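Protein chains in written order, with UniProt numbering: chain W, 1 to 599; chain R, 1 to 210; chain U, 1 to 565.
Quick caveat, the hints were computed from the structure, so don't treat them as lab data.
Owing to the predicted nature of the structure, the values given are computational and were not obtained by experimental measurement.
Some hints here could point you the wrong way.
Derived SDA-like pairs (lysine to any residue); straight-line CA-CA distance at most 25 Å [unchecked claim]:
#1 LYS178(R) with GLU120(U)
#2 LYS176(R) with TYR105(U)
#3 LYS132(U) with ASN98(R)
#4 LYS23(U) with PHE36(U)
#5 LYS132(U) with TYR105(U)
#6 LYS331(W) with ASN98(R)
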Amino acid sequence: MEDDLPTEYDVVVVGTGMTESIVAAAASRIGKRVLHLDSNEYYGGLWATFNFDGLQKWIEDLKSPKQNVADTTSLLQADEKFLKASNQYSTVENIIEKWFISNDADLPVLSTKDTQTDGSGDTAANDGAEKSDEDKSEKKETVKQWSIDRIKKEYRKFNIDLAPKLLFARGELVELLISSNIARYAEFRAVSRVATYMDGKLTQVPCSRADVFANKTVSVFEKRMLMQLLTSCMEQGADSPEFNGFQDKTFLEYLDTKNLTPMVRHYVMQAIAMATDKTSTRDGVNRTKHFLNSLGRYGNTPFLWPMYGSGELPQCFCRLCAVFGGVYCLKRQLDGIVVGDGKCKAIITGKQRLALEHLVVGQGHLPPEIVSSSGEQQISRGIFITDRSIMQGEKENLTLLYYPPEETSQEAVTLIELGPSTNACPQGLFMIHVTCKRTKTAEEDLAYVTKKFLHAEVLDPNVTRNATDSHTQTVSPDKRHLQEGSGETKDDSLESPKPQVLWSLYLNLPASDIKLSDSAPSNVHLCSGPDLDLDFDFAVNQAKAIFEAMYPDEDFLPRAPDPEEIVLEGEEAPGPQFEGDKPEEGEEKQDVEKTEKEE
Amino acid sequence: MAKTYDYLFKLLLIGDSGVGKTCVLFRFSEDAFNTTFISTIGIDFKIRTIDLDNKKVKLQIWDTAGQERFRTITTAYYRGAMGIMLVYDVNNERSFENIKNWIRNIEENASADVEKMLLGNKCDLADRRQVSKQRGEQLAVEYGIKFMETSAKASINVEEAFYTLARDIKAKTEKKLKEASNPTKSGGHALRAPEISRKPPVWLARCSIL
Amino acid sequence: MHGRVKVRTTAEQEELKKIERAKKVVQYRAGIDLIFKKRKEGIWDDEIFLMSEQMVLKNPDIYTLWNVRREAFGGIKWSQEDYVEQLKKELILTEHCLRANPKSYSVWHQRCWVNDHLPEPDWATELSLCAKCLNLDERNFHCWDYRQYVVKKAGIPEDEEFKFSTTKIETNFSNYSSWHYRSLILPKMFPDENGELPIREDKHIEELDLVMNATFTDPNDTSAWFYQRWLLNTRSTSNKTVWGIRMNEARIVIAFNKEVSLNKSNTQLKVDENLIDTEFRSCNAKNYTSVWIATFPENGVNLKRNSVVEVLHDGVDYQLNWSLDDQAWAYKSELPCNQEHNVKHLSTQLENYKQLAEIEPDNKWALLTGIILMKNIDAVKYHATILNDLDTLIRIDKKRSQYYKDLRSKYVIEFMIRHIFADKGIECEISQIVLPCMNLTTLWMERYMSFMEQINLAGNQLGDSLQKLCALQSCVKLSLSSNGIKSLQRFPTLESLRFLSLRDNKLSSLDEILDLVKRNNLTELDIRDNPVSNATDILTQLTMISPELKVFLTSQPGSNIDSSS
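Just chain W, same shape as in the assembly:
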């Protein structure tokens, strides 16, 4: 009966996505009995991070239909209704997986030294003691090209995100991680550059004061202009008289009154505010402020990336929940909920009826009866494994690029490029995540960006890509001049060759705008899946709201004690007196976890 769960809870949380996990941790932290379930054998749901093998399994699983729910009538009482759970609101569609490289068998026997994939270059700065063993094994392989087999063999060195998101250094999540002491479960890397595409090439946007100072392409007046504008957004805020008369106008219209040079205007719009032509002045100012607020805390950009992927973060909250006594059970499906007297009284799972006060449920498990709108928005995502960075630098970079639509039919795309030091991929490779709002299919929506920045065509195994100096920083102006002079089209004027895609995956995911119907029991709380925003603020705020609705008078995730603060009562006279204790104690010990429940 190992799989039997205790049957009564204050809070049952179904799904281990970001919002669900935060709520679970918060409830457990204030002493509530929490059960946290997930039908998958991994944490995170659509927020998960997989290694290469795990991702393949996930794709496979999507193809096979979920099992049907067993008969539950015996578990119901009179006047109770059973509502069957459904996964229809977390449907992943249009999955297209492609390889652009060959199997080992198809590779030429003697491959030339392949400078693009040897990994000793771009990433040398991050060779750490921890990795030296792996590095050594890799160095032997440096002459080998990347093949399908090799990627599959090194599956553990990949961490592939379903919901890649960044943290603002002073955003809601960072503050929460710190204030709750959950930060100790995770490590982060600072995004090292914010890039933008301008005049036919990618450039790094100077965003910190130090960047602006050291930048050599911007004139001193542009520096002043940029700093002046940023300072007024930062220090005055959207309500300042500075923005009088622009309340109903767009940020772009406001910027147009400032006599900015095209470059400064571009930096502010497309990299700092990440705004489109339609963004209001208020939003533009607030976004700029948010960006600047987070600068200088952990790095040269305002952003952090969780090591090993975004999927680590829900797990951190789950760990805290467990530390405070929350019960965890994966691979356990929610069959449905029991409703009576307008409340959700229990859930049925694995033939067990589990009573509860509150049900917190992710959108992938909702019974259709209580859903009012199934949500309009969807996300288009593309994931690419490449052989080099979109913008080669002297060291490995973690890059954020915002690319506004080229045509009205397109959506703005955010691109995050991760290197090996984030553990997203092995040495010598890069992982690119692109995200936008869905209009058609993921592949169609993202095609224009893929074409612009990546070389996504099948690689002929017999042709070695021409070696370029992988260390050359962005272009020297004279080189650019030459290229323009030679009459090449704009698209080709990207300096170094585009990254070769080795593998790609396109998929469409639901975004988070499902609403519960009015008839839904008031003790059922809906957690959204990943949203379109760059950061986690939506999930954090939703979790706060749910917790507030459940326990309005309780603290939300107060600081968890450090180990030094935890003591044994009566520890002044510890242990030895138990030496002569009766053998029954042994029995008790075996069931330590059970006895604790009565405490």
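Here the structure of chain W is known, so what remains is to put chains R and U in place on it, guided by the hints.
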């Protein structure tokens, strides 16, 4: 704060529920034992600093927080771990058999070069024994790891086990340090509470005499 | 309940802390007592090291403990090996202490001491310690100082340090220490041969551009502007130290182009090849000054019109000639002039800063830099603009208006002096300078007035800063009327002075007037329109001191000093 140690090792305890992981942890960290421990509530990890060859080694030992019960240990638990104590109960055959599953779990999630050690706990209860010492030793040999029988209750070998594991990790670390020309840590940022800092944290941190 | 896990409450933690603290105090007292006892008795042993080690770890700032440790190093008879070993331990200890307090004078000092005593200090490690420490806080000047020490000891090439300072500035240019470090290294790496610029011309341009980037990025950061001031601080140079000499039977006055110290070994006076025993004294009693005087006893020097008079100073022979105008032997030379440097580049910068001042109307630094640039480019051409901008600064930056007023005074005086000398030429005697109503708050280049006989400073704002008048060693007639002077305490003794106007000031102390008359050999003194002129008995008392003195006390038509010149 002054750094009061030379090495910091993150260690994990892994094994089935009820094998006495928390008791082992408390025996080592507090030299205390009690059967009424609320096994893992509120206990994240314990810290003990030991002396090894004149070096201060700070051991940060993480407990499973009960997540092993339904095999729901988070992948995040394994991150950065340098040593793992695999614990079974010598009086519980199944907990011993499950060690293989746990090792598979470790191989999937932990760093490839993590130092492992096998502990057969509750060896003081001789009359109930289901797993002989020999079988324990044999399994350890199979995986090429060290083995000890322990009793958290009778305080047998717990100290020795942690010292052994710590010593092996230290040796490995020092060897690496010697080999690596630049022994920089490859880890990321840990987020910390805003320290009362002299530096103004705003982006416009400037010198101004007026 | 026994054995149950719980979290300590805040009150419990407070209580624990309290107990800890009390324990610490007791331990500390006992430790100090023991250490002092042993020190007194000269017992240097391991225990004293151990005890003090534990204590400095907790209180790294107690320098006495470090003193004791250094004494212990000397007190114990070590084998060379043990001694080195112990010193190395001391390095580890100081490192631990620096982690706790990276700004402890005592600990940094101890570390220097250890390295000074180690036979083979590991400078590479020391340098990386500095780098680490500066990564944590790039403005820790203790560490910058220590770095300088290491660099010097280890003979680390300056260009490496230059690169280091560049990376630090690129990380955060709001850093006085780092800019300052640069100003120490650069002159060593790229000295200006003429000594007019702080560094070689091409590097000067590079640095000016670097700093311009900083000032445009954040014009309100003072550290960059300060460095810029250092860069723009050009010096006028002259190949001669002595600017002019006047000598008659009674005395000799020498004016130098810079402040010097005179003594018998570096300065000699010869008349017709005969060494004259002269006792030079500084005009303001300071060791280094620019005007020196010597008086001769009666018949002390035998001077004839055709005497060959020469002054030897620092190995240079200055010939004096009889001057009819002066009725004295004189040596004259040109005023040292400002060389033009990088004018084209400075002009571009000037354009930029003018625009910056327009974009940032409240920024005084941009305006001030513009002024200094104009001064360096062409002080004469820009004179009116410079004064105008300074007036603006005086208006908008009230806190430092005095500084700007002084600067303005300096520029005005320099302009006037250059103008006069340029006009009249070197051979012509310039016996007077008229600087009335020019809002002067201070005197400047006064050394070049040391041979002038009439000096009119009426209607300025010199106030009580009168000490610089000491250079006016030949001045006979001096007007300081309407200068807001309240006190004469700093008024120097001027041997040649006969006519002095102090009309319309705020003098109220009769004693000061009496003292002035005592110290100076005046024939006329105008103190009308001062509170003191109403003092009872003033005339009587003055006449008692100087029966010949003509004093103007109340306004009356007729002669007065100001109008007579």
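Which earlier hints turn out false for this structure, listed by number in ascending order? Those not satisfied are hints 2, 3.
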